[in-house]
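S.K.: Here's the letter readout for the chains.
2 protein chains.
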Amino acid sequence: MSLFHGLSAFPITPTDTDGQIISDQLGLLMTRLVTAKVDSIGLLGSTGGYAYLDRSQRAAAIRAAVDYARGRVPIIAGVGALRTDDAVNLARDAAQNGADGVLLAPVSYTPLTEEEVAHHFVAVADATDLPLCIYNNPSTTHFNFSLDLLRRLSQVDNILAVKMPLPQTMDLAADLARLREGLPDDFFIGYSGDWGCANALLAGADSWFSVIGGLLPEPTMKLATAARNGDSADVQRINDCFQPLWTLFQEFGSLRVVYAAAKLLKLTDAKPHLPLLPLGTIDENRILTALGTVDQL
Amino acid sequence: MSLFHGLSAFPITPTDTDGQIISDQLGLLMTRLVTAKVDSIGLLGSTGGYAYLDRSQRAAAIRAAVDYARGRVPIIAGVGALRTDDAVNLARDAAQNGADGVLLAPVSYTPLTEEEVAHHFVAVADATDLPLCIYNNPSTTHFNFSLDLLRRLSQVDNILAVKMPLPQTMDLAADLARLREGLPDDFFIGYSGDWGCANALLAGADSWFSVIGGLLPEPTMKLATAARNGDSADVQRINDCFQPLWTLFQEFGSLRVVYAAAKLLKLTDAKPHLPLLPLGTIDENRILTALGTVDQL
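Residue numbers (my numbering), protein chains in the order written: chain A, 1 to 297; chain B, 1001 to 1297.
Bear in mind the hints are in silico, worked out from the structure with no lab data behind them.
Chain B is faced by these chain A residues, among others (derived, beta-carbon under 7 Å):
1) LEU82
2) ARG83
3) THR110
4) GLU116
5) LEU255
6) HIS273
7) LEU274
8) LEU277
Sample of chain B residues lacking proximity to chain A, with all beta carbon distances greater than 10 Å (derived):
9) SER1056
10) GLN1096
11) ALA1174
12) ARG1228
13) ASP1240
14) GLU1284
15) LEU1291
In silico SDA-like pairs for lysine to any residue, Cα to Cα no more than 20 Å straight-line:
16) A:LYS263 to A:ASN285
17) B:LYS1271 to A:GLU115
18) A:LYS37 to A:LEU3
19) A:LYS271 to A:GLN20
20) B:LYS1271 to A:ALA118
21) B:LYS1271 to B:ILE1282
22) A:LYS271 to B:ALA1123
23) A:LYS263 to A:GLN20
24) B:LYS1271 to A:THR113
25) A:LYS271 to B:ASP1085
26) A:LYS222 to A:GLN296
27) A:LYS271 to B:HIS1119
28) B:LYS1271 to A:ASP86
29) A:LYS271 to B:VAL1088
30) A:LYS271 to B:PRO1111
31) A:LYS222 to A:ALA233
32) A:LYS263 to A:GLU218
33) B:LYS1271 to A:VAL88
34) A:LYS271 to B:ARG1083
35) A:LYS271 to B:ALA1118
36) A:LYS263 to A:ILE282
37) A:LYS271 to B:GLU1114
38) B:LYS1271 to A:ASP85
39) B:LYS1271 to A:GLU114
40) A:LYS271 to B:ASP1086
Here the structure is a predicted model, which means the values were calculated and not measured. Glycine included, C-beta positions come from ideal geometry on N, C-alpha and C.
Work out the full structure: start from the sequences and follow the hints.
M.R.: See below:
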């Protein structure tokens, strides 16, 4: 089974206010993911706050996660950075510290051209033997991959997968058909955007890159498994239990919600990195109610 | 006269491929700005590539620029960063290295809320006695300041100015009227987006934050002076000479164009920071023609 198949769970990275990793709290989250047998762990994704951590902090997070996983679940490490040389160094660090694959987003300040993103991705892919997944996340990177660019990058030996945003139309079957037609047969296509991803799996996507899976891996695995079994009635039933959480994800951004939820579950007292602010008590109460609905599963 | 009045010229920051400042080439650019008597120098703006340089590189750029300016033109230093603690440190560095003011953009990865941006700005303003200009640049930060948020921030002692994007309607008089009505009388309102800024000055804006002013300060001062004298016929005439450059700015982004133009003018051989790519020969030829049109002034 490929690294880029099934449920990839993206935990937060608990840190102190300076960005230093709180290793035992990361371990607590990792243990839950290993126990639930998620297919892979997406460390240092957007949820893992990679953009807010420096090179040494990111290396420390990978070392800690690899130590906790002990080979039981593969680890995909986010290596995105504004500068190409930084992203190259991060990819080398990920390999050296034992990650199994890398996830690369075209982080931007000055808006990037297709040619610039192509060069950036080839430079990073060339710097490592690890399999690489393209992280297409326009809501944070403000770059949207064309099918043509995905096709170009899919020709690079170790670029094997793409993590797509949900299509605006929410017509996942049509989006998948468009991508499958333009990309090699063995290229892995997955989605992020938890509220639509069980339906993406039902429609034939290879993988679900999941924020909630990083925090609540057991119920998320139930939803992913129902979808991979093609049981649309069960998907509907489980998705209904998650719906209050999906609503909060869309209202506050999933990152702020999972930080608050992790605190409510007493898994960590870490806060998001400033300027990101923790949610307040009123919102926490709504999250508590939403977690209760998932607990009914 | 305030720091945030008139033509603020934003030069590129010549660096080698590792991001180390090429001091003598920065000096060459600085000398042109001092000679042309621009009202201020916007060091380490988006054009100055601040987002791609680390803390020590940014401190080195400020030290070099302050040395070259020798108090003849005030220097406004960009201190934007993703993390609040980094931006706070950069503001302190700017003060310590002799900058006269700071420019702060709400750089984002996870999209920011108004409350988060408010906290971020207050933290940075509190960290320095230097006057601060709000850098509202949604095309790179993906955050757009509401009038309400600008009003809140204008209450902070040393937050004195805002650098606005051109309004989508291009109705600068209406945009200025809206801002003036909501903000204190002594708050400075300026614009960036070179192709519309002479008209912004004509409409009564306090300042023009200019990319082209960082490279071609003499003709840009002519355009700014005509606008500040209310001579709309002369503004029209001079703007027409700049039009081929404005067209290229809108096509390629002003940053890529001024790097190519600075190379063509033999002022620097520095390239933009990867993943940003230098323009090719065909585009350079168009830039050469556009520079020739400005030379006719």
